[in-house]
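Trainee: Here the protein sequences line up with chains A and B, keeping their order.
With my numbering as the guide, the letters of the first sequence map in order to residues 661 to 1148.
With my numbering as the guide, the letters of the second sequence map in order to residues 661 to 1148.
Hints listed in this document are in silico derivations from the structure and should not be mistaken for laboratory results.
Do not take every clue at face value.
Straight-line Cα separation of at most 25 Å, DMTMM-like style, residue types lysine to aspartate or glutamate; simulated pairs [claimed, not checked]:
#1 B:Lys850 with A:Asp866
#2 A:Lys850 with B:Asp909
#3 A:Lys850 with B:Asp1071
#4 A:Lys1037 with B:Glu918
#5 A:Lys1037 with B:Asp796
#6 B:Lys850 with A:Asp810
#7 B:Lys821 with A:Asp782
#8 B:Lys850 with A:Asp858
#9 B:Lys821 with A:Asp858
#10 B:Lys850 with A:Asp909
#11 A:Lys850 with B:Glu880
#12 B:Lys850 with A:Glu917
#13 A:Lys821 with B:Glu918
#14 A:Lys1037 with B:Asp877
#15 B:Lys1037 with A:Asp753
#16 B:Lys850 with A:Glu754
#17 B:Lys850 with A:Glu863
#18 A:Lys850 with B:Asp858
#19 B:Lys850 with A:Asp782
#20 B:Lys1037 with A:Glu880
#21 A:Lys1037 with B:Asp858
#22 A:Lys821 with B:Asp817
#23 B:Lys1037 with A:Glu754
#24 A:Lys850 with B:Glu722
#25 A:Lys850 with B:Asp753
#26 A:Lys850 with B:Glu921
#27 B:Lys821 with A:Asp796
#28 A:Lys1037 with B:Glu921
#29 B:Lys850 with A:Asp817
#30 A:Lys821 with B:Asp866
#31 A:Lys850 with B:Glu754
#32 B:Lys821 with A:Asp866
#33 B:Lys850 with A:Asp796
Protein chains: 2
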Amino acid sequence: MDRPDLEQLISALESSGAPRVADGAGVVEDRADERRAVDIAQALTHADNETGRLIISLLDDERAAEALATTDDHTRGAILQMLDVERITRIIDELDPDDAADLIPLVPEAKRAATLAGLDVDLRAAIERLFRYEPDSAGGIMTTEVVFVDAAATCGDALAKIGQAEQPETIGTLYVVDAAHTLVGVVSLKDLLTSNHDRRVGEIMDSDVIFVRARQDQEEAARIADHYHLSSLPVIDSARRLVGLITVDDIMDVLQEEASEDMMRLAGTNVNHPTSEPLLSRLRARAPWLGVTLIGTFLAGLLLEGIEAVFFPSQLDAAMGKLLGATKSSSEAVANAHAFKMLMYYIPLIGGMAGNVGSQSSTIMVRGFATGEVDPKRPGRVLRGELLLALLIGILGGILVGALVSATHPDYPVLGLIVGLALPCAIVTAALAGTLIPFACQAVNVDPAYAGGPFLLTLNDLAAYTIYFAVAIGLIDMLGTFGMNPPS
Amino acid sequence: MDRPDLEQLISALESSGAPRVADGAGVVEDRADERRAVDIAQALTHADNETGRLIISLLDDERAAEALATTDDHTRGAILQMLDVERITRIIDELDPDDAADLIPLVPEAKRAATLAGLDVDLRAAIERLFRYEPDSAGGIMTTEVVFVDAAATCGDALAKIGQAEQPETIGTLYVVDAAHTLVGVVSLKDLLTSNHDRRVGEIMDSDVIFVRARQDQEEAARIADHYHLSSLPVIDSARRLVGLITVDDIMDVLQEEASEDMMRLAGTNVNHPTSEPLLSRLRARAPWLGVTLIGTFLAGLLLEGIEAVFFPSQLDAAMGKLLGATKSSSEAVANAHAFKMLMYYIPLIGGMAGNVGSQSSTIMVRGFATGEVDPKRPGRVLRGELLLALLIGILGGILVGALVSATHPDYPVLGLIVGLALPCAIVTAALAGTLIPFACQAVNVDPAYAGGPFLLTLNDLAAYTIYFAVAIGLIDMLGTFGMNPPS
């Protein structure tokens, strides 16, 4: 866990950090609070548990609710762990049903039933309706607080209804339902304002309304909204009844999340906000694909060895050793040729593993800058975690590959030692470059994404080979042998 | 250019393709048209010039304008090329100033002055104001059609103003200015509707308004809006006057564009919508980073060679050849050992180049699926282009690297031939896998991003090495020599 950055926490509590009209008078308090919640949430994400608890205790329920609603699941879980049922209930009562539904599964199991029982009756009912849908479905991300009007109502009634609505941001459009609550149309506020107040909504509505079904995937919903440039999307159930609304916030979140996921998966790691996750879950997220690379590139080594044995037979190991046994210099020459050749088999493995870990680090930084999760001015905050993780990956990979090499080449115990020791060194170096180069680019205003790609991969290749052979030369020199006694 | 897909074009012209309330009656025509424009634009992107012209000629000016506004620059330029000044002027007159300003630079230079002269006076003035800002700045993407109200006006006046506004989607909030047009606050529609109509707007407004300066970068603007979950952001000039508005559409576009750019740059290619670009500009977008990889991995080969010469001297080339000249089998053994060792130097180059081209293809597919640019059901549409591009890259890279290898190893002319010939084969295979594996994943409902990463890189390594040595063995066999006459 990172140390709490008190300076940042205090500034988050005091101001929102964004440009404002400085000389504006008469700040409306609740709006400003809502914005600051975003900054508080960001501070919470980077704070340790104790500091997180302190911050939450300083906030009133509404602010705490907003902050919890906008932080990540890991931080939420840690904070909920420390609050008592009564506070949790009060905080969740402040939330919209969709945000509340997201929090409930993170409430520690021992407190969950009591929390649910304590909630406002309407909110609990709304949460239970949302729980019928998968978290990744349109129904799972929708808000149930949708402003609708009956087609038979007058425009005057509709305007009055908007005036009573709680969420000002979603009232640019009003959805129209029939007596069975079936979605039948949509009407814009502009049309309501310019129509005669006695006209029926059904007469002026647009019945060609684009919607999404509650069970459809959230990505599909976001794509429909994005495709048709809609700022909100009504959600219907299987009976075509209007059950909720997906707002522009949700759509942007899904699109951003999807982009992040794609990038992380392309880099071979599964976590979306990796720098805030604990080390072990980050290891679990990365390990499978690094394992694929390790096994694959190890097989590549065996492939090279096999190609050599079949198509380029030289019997360097045995026949030539005996043949040249006559002079010391020639026996050394054979041993050298042999050692170099065997070391070359693991070039794909060393280069591939270093390249992958370096790419993962740089992708996490590039994406973190874009989503605001990583502060481009504070490399120190993420560097330690990345290096520690790389060291862990390197050690585990080194043990595994050392064992594999030793098992397949029992006559050359030093070879497994060399590969197993060079791997963590190359991986840590790659993680260092993969983390720091994006920061350096950001500092000199070059898009870090450019530097994270082929440039970094190539640099990591060169560094990895240098490290690999340095370890090899050092170990052979130290132990005075490469294995399989040289001919004497 | 792809052949026009008439089936898709017709269906785009006939329907919007998205789920709708099928039994809804009384479709309001102009709204449905606006949506279809998005689908027509997508068809235009994939159509050839002749078909594009045909589609545009079938559309009325408003639809044509909407379609042009939502397609990519390459398609826009091609269509504008074919229209006469009169039609261009009528189409642009239908657009909002920000969209119109985007189109003007794409009008062929010969027609541009006449087009500008023919435009509506107000529109031309608005376009000229927008031209003062960089296309990538907040001012460059804003719309100038912002609904505002004077702080001294009454709530009743404000509501009347909203009723007259042209853009219904931006009227959820109303920006408040003073007599000097300085931005001083914001007021929500809900507050206007629930306040006494005689109250001054200045009394009920929220003066804590978040804005962006016109000269700030568009990405900064999008990030502020994303950070504070705002669905629109007012834009001010250096004198704090309200000059425009960035809407949620623009914000989503910038965020999506940024994510796409980051992914493409991480993969080492610069184009945002590569499959719709002509082959040569796609080559230009990819070539620089592939050049970095080629030179870097070639240097890696020299590094390996240098390490061997200094730390693992074996004089396999000369001394041992002479020493072993006695028997035919031992001379062959030395030649084999020597050939294999020299071929190994280029393992990083072959693997690195194939890996990079494969990653570029898979990243383009993964991102294309997400943005809807690539149809996951039609691999044929993009495959030919990707393979052709890979072949071109391979041939150019092969010639370059063949020359480099021959220049650095003049005694082994076959070595340059092998590397130069194996490179295009390995690259085309990698592009094939990089393009088709994401489609295969999509077909079996596995996220293609998973398969595009380390799995593909490792697979490409194995394939590339196999191809490389197959070419080597074949060529050595065919020519009966590897170069530098074997000792006889």
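Trainee: Work down the list of hints and note, for each, if the structure agrees.
Mentor: Okay, the hints, checked on the actual structure:
1. Among the hinted pairs, Lys850 (chain B) with Asp866 (chain A) is consistent with the structure: their alpha-carbon atoms are about 22 Å apart, no more than 25 Å.
2. With a CA separation close to 19 Å, the supplied pair Lys850 (chain A) and Asp909 (chain B) stays within the 25 Å bound.
3. Pair hint Lys850 (chain A) plus Asp1071 (chain B) does not hold up; C-alpha atoms about 81 Å apart against a cutoff of 25 Å.
4. Between Lys1037 (chain A) and Glu918 (chain B) the CA atoms are separated by roughly 20 Å; this keeps the pair inside 25 Å, and the hint holds.
5. Between Lys1037 (chain A) and Asp796 (chain B), the direct Cα distance comes to roughly 23 Å. Compliance with the 25 Å bound is thereby established for this hinted pair.
6. With a C-alpha separation of about 20 Å, the suggested pair Lys850 (chain B) and Asp810 (chain A) falls inside the 25 Å cut-off, and the hint holds.
7. Under the criterion of a C-alpha separation no larger than 25 Å, the hint pairing Lys821 (chain B) with Asp782 (chain A) is inconsistent with the structure, at around 37 Å.
8. Between Lys850 (chain B) and Asp858 (chain A) the alpha-carbon distance is near 21 Å, which keeps this suggested pair within the 25 Å criterion.
9. Among the hinted pairs, Lys821 (chain B) with Asp858 (chain A) is consistent with the structure: their alpha-carbon atoms are about 21 Å apart, no more than 25 Å.
10. A hinted pair counts as satisfied when its Cα atoms are at most 25 Å apart, and Lys850 (chain B) with Asp909 (chain A) qualifies at roughly 19 Å.
11. Distance hint between Lys850 (chain A) and Glu880 (chain B) is unfulfilled; the C-alpha atoms sit about 31 Å from each other, more than 25 Å.
12. The suggested pairing of Lys850 (chain B) with Glu917 (chain A) is violated, with an alpha-carbon distance near 31 Å, which exceeds 25 Å.
13. For the suggested pair Lys821 (chain A) and Glu918 (chain B), the alpha carbons sit about 39 Å apart, so the restraint of at most 25 Å is broken.
14. Proposed proximity of Lys1037 (chain A) and Asp877 (chain B) is supported: the alpha carbons are some 18 Å apart, at most 25 Å.
15. As the CA atoms of Lys1037 (chain B) and Asp753 (chain A) are separated by approximately 46 Å, the hinted pair breaks the 25 Å bound.
16. Between Lys850 (chain B) and Glu754 (chain A), the direct Cα distance comes to roughly 20 Å. Compliance with the 25 Å bound is thereby established for this hinted pair.
17. Under the criterion of a C-alpha separation no larger than 25 Å, the hint pairing Lys850 (chain B) with Glu863 (chain A) is consistent with the structure, at around 24 Å.
18. A distance of roughly 21 Å separates the Cα atoms of Lys850 (chain A) and Asp858 (chain B); the hinted pair therefore holds under the 25 Å criterion.
19. Restraint check for Lys850 (chain B) and Asp782 (chain A): satisfied, since their Cα atoms lie roughly 23 Å apart, inside the 25 Å limit.
20. Restraint check for Lys1037 (chain B) and Glu880 (chain A): the C-alpha separation of about 16 Å stays at or below 25 Å, so the hint holds.
21. As the CA atoms of Lys1037 (chain A) and Asp858 (chain B) are separated by approximately 50 Å, the hinted pair breaks the 25 Å bound.
22. For the hint pairing Lys821 (chain A) with Asp817 (chain B), the CA-to-CA distance comes to about 21 Å; that is within 25 Å, so the pair holds.
23. Distance hint between Lys1037 (chain B) and Glu754 (chain A) is unfulfilled; the C-alpha atoms sit about 45 Å from each other, more than 25 Å.
24. Taken as a hint, the Lys850 (chain A) and Glu722 (chain B) pair is honoured in the structure, with Cα atoms around 21 Å apart against an allowance of 25 Å.
25. A threshold of 25 Å between alpha carbons decides the hint, and for Lys850 (chain A) with Asp753 (chain B) the separation of about 23 Å falls inside it, so the pair holds.
26. A threshold of 25 Å between alpha carbons decides the hint, and for Lys850 (chain A) with Glu921 (chain B) the separation of about 37 Å lies outside it, so the pair is violated.
27. For the hint pairing Lys821 (chain B) with Asp796 (chain A), the CA-to-CA distance comes to about 40 Å; that exceeds 25 Å, so the pair is violated.
28. At roughly 22 Å between alpha-carbon atoms, Lys1037 (chain A) and Glu921 (chain B) fall within 25 Å of each other, so this suggested pair holds.
29. Between Lys850 (chain B) and Asp817 (chain A), the direct Cα distance comes to roughly 14 Å. Compliance with the 25 Å bound is thereby established for this hinted pair.
30. For the given pair, Lys821 (chain A) sits about 22 Å from Asp866 (chain B) by alpha-carbon distance, which is consistent with the 25 Å threshold.
31. Using a Cα cut-off of 25 Å, the hinted pair Lys850 (chain A) and Glu754 (chain B) holds, with the two alpha carbons roughly 20 Å apart.
32. For the proposed pair Lys821 (chain B) and Asp866 (chain A), the alpha carbon gap of about 22 Å is at most 25 Å, so the pair holds.
33. Taking the CA atoms of Lys850 (chain B) and Asp796 (chain A), the gap is near 31 Å; set against the 25 Å cutoff, the hint is violated.
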